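S.K.: With the hints as your guide, set chain B onto chain A.
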Amino acid sequence: MAFPILSIIVFTPIVFGLALLLFPAHRHREIRIAALVGASITTVLSIWAYFTYDQALGGYQFVEKIPWIPALGISYHVGVDGMNLPLVLLTGVVIFTGVLISWGIDDRPREFFAFLFILATGVFGVFVSLDLFQLLFFYEIAVFPMYLLIAIWGWKVTREYAAMKLTLYLFVGSVIALVGALAMYFASGLGTFDLLALEGAGFSTGFQRFWFPFVFFGFAVLGGIFPVHNWSPDGHVAAPTAVSMFHAGVLMKLGAFASLRVGIMLMPEGAKFWAPLILVLATVNVVYGAFIASVQTDFKYVIGFSSVSHMGLVLLGFASLNLDGLTGAGIQMFSHGVMTALFFAVVGVVYDRAHTREIPKLGGFIRPLPLAAVAFIIGGLVSMGMPGFSGFIAEFPIFMGLWQRAPIVAIVAAISIVITASYIMRVVGNVFFGEMPKEFEGHISPIKVQDKVALVMLAVILVIVGVYPRIMAPLVQSGAQAILALVGGA
Amino acid sequence: MAFLEAHILALILFTPAVGALLLFLLPRERVTAIRRAAFGVSLIPLALSLWMWFAYQPDVPGYQFVERAIWYEAIGSSFHLGVDGISVPMVLLTTLLTPLAVLISFSIQENVRSYMMLFLLLETGMLGVFLALDLLLFFVFWEVGLVPMYFLINQWGSANREYASFKFLIYTMAGSLGLLLAIQLIGVASGTFDLLTITERWASLSGPLTLLGLPITLSIGAVKRIAFWAFVIAFAIKVPIWPFHTWLPDAHTEAPTAGSMILAGVLLKLGAYGFLRLVLPLYPVEAKTYAGALALLATLAIVLGAFASWGQDDFKRLVAYSSVNHMGFVVLGIAAAAMAQGTPLAGDGVIAVNGAVLQMFNHGLSAAGMFLLVGVIYERAHTRDLNEFGGLFPLAPVYGGILIFTAMASLGLPGLNGFISEFLVVRGAWPILTAYTAISMLGLLITGAYILKGIKKVLHGPLNEKWLGHKMEINRREVVAIAPLMVLMLTIGVWPSWILDVINRTVLRLFG
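Residue numbers (this note's numbering), protein chains in the order written: chain A, 1 to 490; chain B, 491 to 1002.
Chain A with its partners taken away, still in its complex shape (with noise of 0.2 Å):
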């Protein structure tokens, strides 16, 4: 069998992060070069999946398949093709960036790391999941680690509310999408949860129109849809910083991802029925989430909402069902993923200086902090889709994709990029520019090397894609068309 990278980058977080619980307790810096370390091989090894990826083959690629438990049809069958691959690059990305800037955590840092590193497994094995019963397994061990991570380590004043309504949300959310997911299992008469096999499993129009929903609803509790987008804000911010980035960075995509892969993949005509429907939800994301952005006073907050602004672009990406739309919906999430980790590690470096994120007593932020700020402005950049940033590579086709299917949703998603330049320009005016509060003044210490490295990686990412969409659009396009291949075409 060939070399097992896929399996390696999705179970080298986890056995980093249980070998970790073997460190004692207070070597704190040993602990954090382990977990870097452990970052470290995923990220290299998902970024040379990457680049080796053959695109003149297409469909999918470093396939391993293990059966898992033949009884009930139940195999470890791993792949990666045009959509997830960038996904997983993502992920390495984010549990890289993730670990430099949790650098200074003093509380408990080994079980912080090792819950993030199951984390970073529960989110790789999902993504490259081609086994349904696997997807959902995975899927758990993702939303588990997030109620510790952020009751434990997350801010004083909401951590538990937020953490409980985030699990109770997804849990729901995943109970929901696993009924779809039996229900598909039953009615196949295949008796295997092998996704590949679903997808010519031919359920009947009627039998997909019924399902569709809680498959599709039920993973995209996750990916924030309107309206049960809720917990996503208060999980962003009571949840530590690594943990928010991860959280807006990578764990929204796996939402979007799943409903993509379980809902629409496998029930299509399911999907047309409803896209009209989805359309609607994902056009309030967009713009609703855009003005509630606008009124934010903490920091975090506006983040949050503009998280759940920008999935709304992912989701109408999907529901236009054509070549365009999905192509711009696979990089919005590459894209919004690592813009939005950029953005939430600046906070970090803001909050931990300023112990404060209330806009109006901040200020003048880019004279102690100018890598963060320039860093803040380019994250900002691409939240407004503004050309030669990867936002504008991804948001363009996905209104292509829009005026080829419902023109009307396309104007009204294109208002939401005016509210967000104006507040994106106000937050950073106010933050980073303008005069310094007094108490500030010569507390602000100057960021850390780690951050610095964090920060630089991340916005440079996204001007590489903004600048050469070659890098990552032909194949993210190649996936679309597989997706739009089971669709029957658009």
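Since the hints were derived computationally from the structure, they do not count as laboratory data.
Fair warning: there could be bad hints in the mix.
Unchecked claim - Partner residues are not named here, just some residues of chain B that face chain A (Cβ under 7 Å, in silico): (1) Leu538; (2) Glu633; (3) Ile660; (4) Leu667; (5) Gln674; (6) Val678.
What the hints assert, rightly or not - If you want the ones that stay clear, here's a sample from chain A, every Cβ over 12 Å from chain B, calculated: (7) Val157; (8) Leu168; (9) Pro397; (10) Lys452.
Stated by the list, open to error - What follows is a list of derived Cβ distance ranges for each label pair: (11) Pro733(B) x Val44(A): 36 to 46 Å; (12) Gly442(A) x Pro884(B): 42 to 52 Å; (13) Thr297(A) x Ala649(B): 19 to 29 Å; (14) Arg518(B) x Asp298(A): 30 to 40 Å.
Bear in mind that the values here come from a model prediction, so they are computed numbers and not experimental data.
Even for Gly, the Cβ is constructed at its ideal location relative to N, Cα and C.
M.R.: Okay, now just chain B, sitting in the frame of chain A:
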């Protein structure tokens, strides 16, 4: 040499951006080195575009120095550059004004490195719009120019800069939104973003857009109409055409001197260029239908802009409104050509567009010059209030002479460049839009009024005692900065054919 010829446009386009990144390597305290490096870098595109100017062949139809590379293939967009007789003068204008503006910016003391980096990035953005032969690329560079300008105003501007920069950004972005949607629509309808391909296929496009049975579908006619209006609004905001001009007085006034030079000198031309490159060629019928409305708005811009200018007490705001006034002539020329297409008066339309394009170039020179001079006096007096000045001529004779010269070019004195372009517009528009042209000429009287007001209040009359003993004269660096502009103003005024010829050949082919 062959490499140079094959890639001259890409070199011109990216040198400023690369230069900006290289500036980052200089430590931020080495202010003198940064200034000199920035100035040096900005001279490279100028040298290259001068070479390009002389290598350009006006008689050869179509675009020259064309380059094409794969960029965003997945959606049908390529990196496609090229110039013709309309864009070549614009490129020259941009690459000329940038080093002069950088030279003027030597008096900036704070955060010099960031300032110069933003300035150079801005230059790439503007050049990209003029060079792009791909709609998506056009849009990319259009937007790219906005952000550096926002920060230039916001960080280095005057008292009201936060309001002005925010208004500028949001107003123009709202306009760009229309541009974005229109370009997306056109891309979807044509299957490509390449301008040349679209122009070929445009007339014969047919068939509704949407499939898969959702109730909302768009016919190709609807697509074209929406795209037309979206384009018009986006470009109207940029030019700016009355009544979409209200972002301009604040932005121009609050920007730092060099920022205003570039804003008025180049950025406004992007909007007019959009009309000439995209709206008129793709939508001759719609443009003709609405040309009358466009001409009305142009006339209002000319007349009301002039009156507004006349009423100002802030010297810089006076010059800002003069931009509205002068760009009105550009739009009048464009409107005349739009109306005359396909009629016996098409020849007059050609004259009018010639005037419009030359006016774009000329206004670039004179507006940049005027803002430069306003900046000179502002740095010495720390006020822009015209009532605070008075009788400064003896204190600053060289400045006074230069101011009068530049102001006369702005006023349209025969012998200087402004006269040629305004005359051509009027001559071309008269047979086509007689009433509007006549009113615009009355507007010219008011133009004279505000220019003379500016000169009088600053230079003539009783000396305002408080300036005695102050050093008010223009310095050598500033003279070096404005000298090329003055030379061009005079040259074009007495011998315009070196530039008019280039413009005319292309305009004849496009609109004749």
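S.K.: All the hints need checking, so say for each whether the structure fits it.
M.R.: Here is how each hint holds up against the structure:
Annotation: Leu538(B) was flagged as interfacial toward chain A, and the flag is violated, the nearest CB pair being 21 Å apart, outside 7 Å. For Glu633(B), the interface hint holds, the least distance from its beta-carbon to any beta-carbon of chain A being 5 Å, beneath 7 Å. With its C-beta approaching chain A no nearer than about 6 Å, Ile660(B) sits inside the 7 Å limit, and its interface hint holds. For Leu667(B), the suggested interface contact is upheld, since its CB lies about 6 Å from the closest CB of chain A, less than 7 Å.
Restraint check, Gln674(B) versus chain A: the minimum CB separation of about 5 Å is within 7 Å; hint holds. Nearest Cβ of chain A to the Cβ of Val678(B): about 5 Å, under the 7 Å cut. The hint holds. Listed as a non-interface residue, Val157(A) keeps its Cβ farther than 12 Å from every Cβ of chain B; the least gap is roughly 32 Å. Leu168(A), annotated as away from the interface, keeps every beta carbon of chain B farther than 12 Å; the closest lies near 35 Å.
At the 12 Å boundary, the C-beta of Pro397(A) falls inside the reach of chain B, the nearest C-beta of that chain being 5 Å off. With a least beta-carbon separation of about 15 Å from chain B, Lys452(A) lies farther than 12 Å from that chain, consistent with its non-interface assignment. Pro733(B) and Val44(A) have their C-beta atoms about 58 Å apart, which leaves the hinted 36 to 46 Å range violated. At about 51 Å, the beta-carbon gap between Gly442(A) and Pro884(B) stays in the expected band of 42 to 52 Å.
Taking 19 to 29 Å as the suggested C-beta distance range, the pair Thr297(A) and Ala649(B) conforms, at roughly 27 Å. Taking 30 to 40 Å as the suggested C-beta distance range, the pair Arg518(B) and Asp298(A) conforms, at roughly 32 Å.
Of the numbered hints stated above, those contradicted by the structure are hints 1, 9 and 11, listed in ascending order.
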